[in-house]
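Trainee: Below are the chains, spelled out letter by letter.
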Amino acid sequence: MSTRASNWHPGAIHVRLCEITLSDIYAVRDASYLPGDATWDTKTIRLCDHADSGQGGVFVYGGNDYFVGLLDFDVSPGDVVWGGGSQDSDAKIRLSNHRYVWQKRHTANPQETTNLDVKLSQILRDYNATKVVLVDLAYLPSTSSYDAQQIFSGVIMDPGTDEDEFFLYAVEDRRFDKAIPNMATPSGGMGPGIITKKDYPNAPKAELGRSLPILYSQKIVSYTGDQDNGAGLLTNPRYMVALSPCRNTEFFRVVANRFPAQTAGSGTRYFAWMDQVGTLATIDTTNTDNTTESYCDIDPAAVWHIWVPMSSVKASSGVTNPLHAFDGRHDTYASIANSGATAYLEMYMPYWSQLGQIEEVYTTVLLKDTSSGVGASGTDINARFGIYNSAVPDWHFKDASDTTNPVKLTKSELNTVGFFSKTGNSWLKGSGKWNEAHEPWTRWSWEGEAVTGERQDCYFRIEVTQNGANVDVVACGMLIDFKPFANAAFSRHIK
Amino acid sequence: MIKQEPWVVPVPPPDNGEAGRRSTYNGSLWDRGRTSPPGGGKPRNFDNGTLFYAQSLGSINDDGSGTYTGAASTPICWPSAIWHHFAVKFGNLPSGDITTGASTFGSFSEARDSINAKISGNWEVCVSVPDRTTPSQLIERLESITPMKIYRSMLDGKFKCVVYKQAPDAFDYFLDPFGNAYAWKYSEDMARKPKARLSPLDAVVNEVHVRYAGFAPDGSLTKDCWVSPDGSDDGSGVRDQTGALGTSTDREARAVRSRDFYGAGVTGGFQQSITIEAPEIYGDDIAVQLRNHIFDRRWRRKVMLDFLTGNRAIDFYQGMATLVDNELEDHVPCPYIPLDGGSAKRWGDLKFYGNARRQPGMASRYMMSLTEIT
Numbered sequence: 001m002s003t004r005a006s007n008w009h010p011g012a013i014h015v016r017l018c019e020i021t022l023s024d025i026y027a028v029r030d031a032s033y034l035p036g037d038a039t040w041d042t043k044t045i046r047l048c049d050h051a052d053s054g055q056g057g058v059f060v061y062g063g064n065d066y067f068v069g070l071l072d073f074d075v076s077p078g079d080v081v082w083g084g085g086s087q088d089s090d091a092k093i094r095l096s097n098h099r100y101v102w103q104k105r106h107t108a109n110p111q112e113t114t115n116l117d118v119k120l121s122q123i124l125r126d127y128n129a130t131k132v133v134l135v136d137l138a139y140l141p142s143t144s145s146y147d148a149q150q151i152f153s154g155v156i157m158d159p160g161t162d163e164d165e166f167f168l169y170a171v172e173d174r175r176f177d178k179a180i181p182n183m184a185t186p187s188g189g190m191g192p193g194i195i196t197k198k199d200y201p202n203a204p205k206a207e208l209g210r211s212l213p214i215l216y217s218q219k220i221v222s223y224t225g226d227q228d229n230g231a232g233l234l235t236n237p238r239y240m241v242a243l244s245p246c247r248n249t250e251f252f253r254v255v256a257n258r259f260p261a262q263t264a265g266s267g268t269r270y271f272a273w274m275d276q277v278g279t280l281a282t283i284d285t286t287n288t289d290n291t292t293e294s295y296c297d298i299d300p301a302a303v304w305h306i307w308v309p310m311s312s313v314k315a316s317s318g319v320t321n322p323l324h325a326f327d328g329r330h331d332t333y334a335s336i337a338n339s340g341a342t343a344y345l346e347m348y349m350p351y352w353s354q355l356g357q358i359e360e361v362y363t364t365v366l367l368k369d370t371s372s373g374v375g376a377s378g379t380d381i382n383a384r385f386g387i388y389n390s391a392v393p394d395w396h397f398k399d400a401s402d403t404t405n406p407v408k409l410t411k412s413e414l415n416t417v418g419f420f421s422k423t424g425n426s427w428l429k430g431s432g433k434w435n436e437a438h439e440p441w442t443r444w445s446w447e448g449e450a451v452t453g454e455r456q457d458c459y460f461r462i463e464v465t466q467n468g469a470n471v472d473v474v475a476c477g478m479l480i481d482f483k484p485f486a487n488a489a490f491s492r493h494i495k
Numbered sequence: 496m497i498k499q500e501p502w503v504v505p506v507p508p509p510d511n512g513e514a515g516r517r518s519t520y521n522g523s524l525w526d527r528g529r530t531s532p533p534g535g536g537k538p539r540n541f542d543n544g545t546l547f548y549a550q551s552l553g554s555i556n557d558d559g560s561g562t563y564t565g566a567a568s569t570p571i572c573w574p575s576a577i578w579h580h581f582a583v584k585f586g587n588l589p590s591g592d593i594t595t596g597a598s599t600f601g602s603f604s605e606a607r608d609s610i611n612a613k614i615s616g617n618w619e620v621c622v623s624v625p626d627r628t629t630p631s632q633l634i635e636r637l638e639s640i641t642p643m644k645i646y647r648s649m650l651d652g653k654f655k656c657v658v659y660k661q662a663p664d665a666f667d668y669f670l671d672p673f674g675n676a677y678a679w680k681y682s683e684d685m686a687r688k689p690k691a692r693l694s695p696l697d698a699v700v701n702e703v704h705v706r707y708a709g710f711a712p713d714g715s716l717t718k719d720c721w722v723s724p725d726g727s728d729d730g731s732g733v734r735d736q737t738g739a740l741g742t743s744t745d746r747e748a749r750a751v752r753s754r755d756f757y758g759a760g761v762t763g764g765f766q767q768s769i770t771i772e773a774p775e776i777y778g779d780d781i782a783v784q785l786r787n788h789i790f791d792r793r794w795r796r797k798v799m800l801d802f803l804t805g806n807r808a809i810d811f812y813q814g815m816a817t818l819v820d821n822e823l824e825d826h827v828p829c830p831y832i833p834l835d836g837g838s839a840k841r842w843g844d845l846k847f848y849g850n851a852r853r854q855p856g857m858a859s860r861y862m863m864s865l866t867e868i869t
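Chains as they are written, first to last, in my numbering: chain A, 1 to 495; chain B, 496 to 869.
Be aware that one or more of the hints could be misleading.
Computed list of lysine to aspartate or glutamate pairs in EDC-like fashion (alpha-carbon distance at most 16 Å, straight line) [said to hold, decoys possible]:
no.	chain 1	residue 1	chain 2	residue 2
1	A	K483	A	D284
2	B	K680	B	D820
3	B	K840	B	D825
4	A	K398	A	D457
5	A	K131	B	D651
6	A	K43	A	E19
7	A	K178	B	D626
8	B	K653	A	D88
9	B	K688	B	E822
10	A	K483	A	E359
11	B	K653	A	D79
12	A	K119	A	D164
13	A	K119	A	E165
14	A	K483	A	E360
15	B	K584	A	E346
16	B	K653	A	D177
17	B	K688	B	D825
18	B	K690	B	D825
19	B	K680	B	D801
20	B	K680	B	D844
21	B	K840	B	D820
22	A	K178	B	E635
23	B	K653	A	D173
24	B	K690	B	E822
Because the hints were derived from the structure by calculation, they are not lab data.
Construct all of the structure, not just a fragment, from the sequences and the given hints.
Mentor: So, in structure tokens, the structure goes:
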């Protein structure tokens with residue numbers, strides 16, 4: 001920090017300076033004076049509180065004359081108060097309303113005779129006083145060097161006068177503090193994130209003037225999970241703060257963040273809030289992302305993805321913290337340990353209203369690195385997971401190859417260093433077993449159907465089959481790929 | 496919506512070392528769709544209130560020079576850098592009005608490093624600005640989730656970002672002409688009767704909650720990191736502040752002392768809490784540090800000192816750290832109370848944050864108001 005030595009010197013002489021900037025944007029001033037004073041828009045009135053007797057009644061600093069006229073001032077800087085709101089700095093300034101040498105004769109108009117001098121209040125009445133700066137100048141008599149310390153800078157809010165004095169009330173310059181306009185106040189601000197007819201030719205009138213959301217974040221989420229070792233949406237809703245709402249500007253077109261030009265143009269991922277089931281769907285779609293707007297056209301036939309979380313659980317002995325397998329957190333987990341008998345965790349999935357036509361079904365688990373396999377070889381199966389049918393009782397439409405339902409977990413996989421996630425192949429698609437209209441799964445009912453038509457309970461099961469093996473489940477879920485019905489994403493939260 | 500009325504004379508904050516109110520960001524995070532249906536009110540498939548969300552693969556990135564984060568083309572996700580970028584890019588503030596120099600008081604570049612140094616990793620947040628917002632509104636939002644202060648200094652007209660530090664850096668201090676942290680002296684700097692006091696009891700809190708990990712679609716907060724006389728939680732279910740007095744995890748013990756001491760000897764006699772809502776925070780480490788910062792700042796009454804001084808304070812920037820010489824001890828004893836079980840302290844043992852307020856008139860007189868750093 002620059003601490004000036006003269007401020008510490010008991011013998012320093014102090015002069016206070018006041019500079020008032022005028023403007024004349026509407027050319028009030030006589031045009032004949034304009035060419036000579038080319039810097040009219042920054043014309044400055046300079047005043048001081050006392051003159052230097054050796055300088056002819058003015059104080060000369062920086063090559064400029066400061067006329068005596070500053071009578072008094074009271075500056076209130078905004079204090080720094082931790083944890084609280086902000087306070088504007090302001091100043092009250094009292095000036096002498098005497099005559100001020102103002103306009104010099106213009107050389108091109110020699111008929112003008114002398115300098116003009118008018119009362120300060122007349123100048124400040126005729127021309128717009130915009131800015132005021134107060135400076136405390138310190139110097140030592142035996143030197144010619146000055147230390148200037150600005151003590152206030154602000155814009156003039158409230159000028160007033162009487163016959164002897166002129167008063168100014170000024171506050172710190174907050175002209176930067178503009179809001180990006182929106183539909184309610186469509187003008188008066190600035191910023192690149194506004195929906196305009198020019199930038200968004202396809203936007204409906206109702207959207208013009210709205211601001212696009214701005215998102216500061218580096219969290220990336222996808223339905224397959226790009227963050228936190230693959231947890232991603234399995235730990236919904238933890239990372240949902242990374243999403244930014246879009247504007248829906250026309251049929252099947254949503255407009256998202258509009259990013260500054262320096263943003264890496266790596267694309268945008270879209271989600272839809274499924275109000276009926278209280279979670280998000282990810283959308284595979286063709287999107288456009290360029291420097292003028294960021295939007296996507298949602299193909300009516302686009303495939304959406306949605307996670308079905310678990311809602312209740314039952315567990316065998318050997319299982320600890322079973323609820324942690326689907327608590328939406330990546331820092332907790334359920335443990336399933338085989339101590340001589342198969343240990344299992346069985347979780348029920350909520351029945352949902354039909355959101356669309358199911359295309360694929362997958363099951364996934366996310367395991368912690370404390371999981372361990374004990375088989376003789378790395379490929380030995382230590383555990384399985386998938387959809388289980390309680391009535392059969394066996395895996396629902398069992399896949400003997402252990403790649404669709406259930407899905408095997410080998411010794412090597414359980415001994416993986418770090419988090420490990422595994423997703424089974426799309427199961428039972430097109431087999432004629434569930435995607436027929438009468439099948440429960442077509443109706444988003446996670447249950448089996450006996451040949452007699454009776455309902456069969458189905459649930460998500462993780463079992464550990466090898467004695468000594470342990471599976472620590474951070475998250476698990478069932479992923480549905482579907483083509484949404486037309487009303488699938490209709491929100492009931494319209495304001 | 497806060498409507499600014501700059502012609503209204505500002506009201507000074509309460510003189511108790513703490514703000515009269517605490518900024519929090521409440522309510523639903525985001526707009527829930529359009530305000531009225533298009534198409535004459537007829538629902539038209541997806542075109543009516545559907546909540547779509549987007550996620551850029553990289554969010555808003557820094558420019559090629561690393562103006563805001565110090566690293567070119569990296570995501571901007573640190574509080575001071577977010578405001579810096581927002582004010583310049585969306586508020587149209589001239590970049591020259593921002594203090595950015597190295598080892599400079601109030602520098603934004605130093606601030607981002609200082610904030611990030613408070614935790615293992617970086618003070619990384621997710622901030623969505625979905626609707627009409629001004630830079631000053633964003634300041635309030637960011638200051639409520641970060642131990643920092645952003646303001647415009649009248650001394651040079653530039654914006655400063657000051658970070659609250661229990662051990663300020665050299666550039667945070669008010670320096671003498673030789674570059675050393677200055678200690679205000681009774682004999683040289685103080686007019687008659689400097690006033691020592693303790694911050695009011697109503698600013699003390701011994702229970703702090705930081706609710707965080709926002710769930711964007713409905714605005715709910717999914718985690719709570721807290722400490723009180725009865726327990727603590729680091730946000731992940733672990734009780735983390737059970738250490739004995741004097742250790743780095745002694746906040747439960749200090750909270751008990753605060754509760755009983757200010758309760759006039761009655762066990763459980765004084766208990767005040769504060770809750771911070773921080774949907775922008777998702778990391779446990781950040782929530783823990785924010786909780787600790789608020790608790791440490793407010794668990795006991797702080798030593799405060801007001802005195803009238805001369806022109807020496809002319810370039811004392813608001814929020815600078817500073818010291819007081821022990822010379823004052825002979826005239827005005829330091830009212831420090833060793834509530835944490837440590838030893839009594841003199842003026843020279845403490846550090847302060849201060850404000851300098853110029854007195855009306857031409858004479859260079861400043862009222863210095865110092866508040867102990869805790």
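Trainee: Does the structure break any of the earlier hints, and which numbers would those be?
Mentor: Hint 15 is the one this structure does not satisfy, whereas the remaining hints hold.
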